[in-house]
Amino acid sequence: SQKIEQNSEALNIQEGKTATLTCNYTNYSPAYLQWYRQDPGRGPVFLLLIRENEKEKRKERLKVTFDTTLKQSLFHITASQPADSATYLCALAGNTGKLIFGQGTTLQVKP
Amino acid sequence: KAGVTQTPRYLIKTRGQQVTLSCSPISGHRSVSWYQQTPGQGLQFLFEYFSETQRNKGNFPGRFSGRQFSNSRSEMNVSTLELGDSALYLCASSLSTSGGASPYEQYFGPGTRLTVT
Numbered sequence: 088s089q090k091i092e093q094n095s096e097a098l099n100i101q102e103g104k105t106a107t108l109t110c111n112y113t114n115y116s117p118a119y120l121q122w123y124r125q126d127p128g129r130g131p132v133f134l135l136l137i138r139e140n141e142k143e144k145r146k147e148r149l150k151v152t153f154d155t156t157l158k159q160s161l162f163h164i165t166a167s168q169p170a171d172s173a174t175y176l177c178a179l180a181g182n183t184g185k186l187i188f189g190q191g192t193t194l195q196v197k198p
Numbered sequence: 052k053a054g055v056t057q058t059p060r061y062l063i064k065t066r067g068q069q070v071t072l073s074c075s076p077i078s079g080h081r082s083v084s085w086y087q088q089t090p091g092q093g094l095q096f097l098f099e100y101f102s103e104t105q106r107n108k109g110n111f112p113g114r115f116s117g118r119q120f121s122n123s124r125s126e127m128n129v130s131t132l133e134l135g136d137s138a139l140y141l142c143a144s145s146l147s148t149s150g151g152a153s154p155y156e157q158y159f160g161p162g163t164r165l166t167v168t
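Going down the list, the protein sequences come from chains A and B.
Just so you know, we're using the numbering used here here: the first sequence kicks off at 88 and counts up by one.
Just so you know, we're using the numbering used here here: the second sequence kicks off at 52 and counts up by one.
Next up, chain A with everything else stripped away, as it sits in the complex (with noise of 0.2 Å):
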């Protein structure tokens, strides 16, 4: 069966550090894969989306890398600060644009 494993861990790093988060999935063929951030008692926000065929995105501090032939996503936070502390999830889609959410990882930065 599909299959999205994210860091179950937390992750905790120190203010200007770079945080990696990493999506790995099995069993699928995504078309493309987003990336939200959801926060306490909050829905998730949309950050970044990427198509099978791109290597990488970038959006201010945000950058994120997709690789189809590891199936494997990473989302790096440069010069990272504590309000991007907050779960991330990373979603893929298929060709019938059904979202499939991985569990998320929790982002902890400190200052």
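To be clear, the hints were calculated from the coordinates, so they are not data collected in a lab.
Treat the hints with caution; some may be incorrect.
What the hints assert, rightly or not - A few chain B residues that face chain A, going by a derived Cβ cut-off under 8 Å, partial list only:
1. GLY93
2. PHE96
3. PHE111
4. PRO154
5. THR168
Stated by the list, open to error - Cross-link-like lysine-lysine pairs, in silico, PhoX-like; alpha carbons within 25 Å at most:
6. A/LYS90 / B/LYS52
7. A/LYS90 / A/LYS197
8. A/LYS185 / B/LYS108
9. A/LYS90 / A/LYS104
10. A/LYS146 / B/LYS108
11. A/LYS104 / A/LYS150
12. A/LYS142 / A/LYS104
13. A/LYS142 / A/LYS197
14. A/LYS197 / A/LYS158
Stated by the list, open to error - In silico contact screen, one side only, chain B against chain A (beta carbon under 8 Å); selected entries:
15. ALA53
16. GLY162
17. THR166
Model, not experiment: these values are computed from the prediction.
Glycine residues also receive a C-beta, built at the ideal position from the N, C-alpha and C atoms.
We have chain A already, so just place chain B on it with the hints.
Frame of chain A, contents of chain B only:
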């Protein structure tokens, strides 16, 4: 532009009862999706409606149903509630078109927190 709104925000029900949750999408969005979020299972897709028709469906029992109205507002219903239905139910809308496969971002509402006792 107003965001996605969901009502009610919190709900407490007893096992065996039924519940109806409501979602108003962003103006102009015709696609509405519903998700269930629990600590153990994460965010799981329930179903998607587009132009009053269910377009995609997740792996949930028939107790979970939904509908969409001509103004794109959507409701989801859960009948014969079980303790395991306690969760945050999230609604999301998007600019997805009739093709369905385009990668449109989802705009999520704040969710309805359902507690079944």
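We went through each hint and held it up to the structure:
1. Annotation: interface hint on B/GLY93 holds; nearest CB of chain A at approximately 4 Å, less than 8 Å.
2. Annotation: interface hint on B/PHE96 holds; nearest CB of chain A at approximately 6 Å, less than 8 Å.
3. Proximity of B/PHE111 to chain A is violated relative to the hint, the smallest CB-CB distance being about 13 Å (cut-off 8 Å).
4. The closest approach between the C-beta of B/PRO154 and any C-beta of chain A is roughly 4 Å, which is under the 8 Å cut-off, so the hint is satisfied.
5. The restraint placing B/THR168 at the interface with chain A is violated, with a minimum CB-CB distance near 21 Å, outside the 8 Å limit.
6. Taking the CA atoms of A/LYS90 and B/LYS52, the gap is about 36 Å. The hint is violated against a cut of 25 Å.
7. For a cut-off of 25 Å, the pair hint linking A/LYS90 to A/LYS197 is broken: about 31 Å separates their Cα positions.
8. Proximity of A/LYS185 to B/LYS108 is assessed by CA-CA distance (about 8 Å); at most 25 Å being required, the pair is judged to hold.
9. Among the hinted pairs, A/LYS90 with A/LYS104 is inconsistent with the structure: their alpha-carbon atoms are about 30 Å apart, more than 25 Å.
10. In summary, the hint linking A/LYS146 to B/LYS108 is not supported, as the alpha carbons are separated by about 32 Å, beyond the 25 Å threshold.
11. Of the pairs offered as hints, the one joining A/LYS104 and A/LYS150 holds, with about 14 Å between alpha carbons and a cut-off of 25 Å not exceeded.
12. At most 25 Å may separate the alpha-carbon atoms for a hinted pair to count; A/LYS142 and A/LYS104 meet this at roughly 23 Å.
13. A threshold of 25 Å between alpha carbons decides the hint, and for A/LYS142 with A/LYS197 the separation of about 30 Å lies outside it, so the pair is violated.
14. Taking the CA atoms of A/LYS197 and A/LYS158, the gap is near 31 Å; set against the 25 Å cutoff, the hint is violated.
15. Taking 8 Å as the C-beta contact cut-off toward chain A, the hint placing B/ALA53 at the interface is violated, the least distance being around 14 Å.
16. Below 8 Å, beta-carbon pairs count as interface contacts, and B/GLY162 has one with chain A at about 6 Å; its hint therefore holds.
17. A least Cβ separation of about 14 Å between B/THR166 and chain A goes past the 8 Å threshold, and the interface hint is therefore violated.
This entry does not satisfy hints 3, 5, 6, 7, 9, 10, 13, 14, 15 and 17, going by the numbered hints stated previously.
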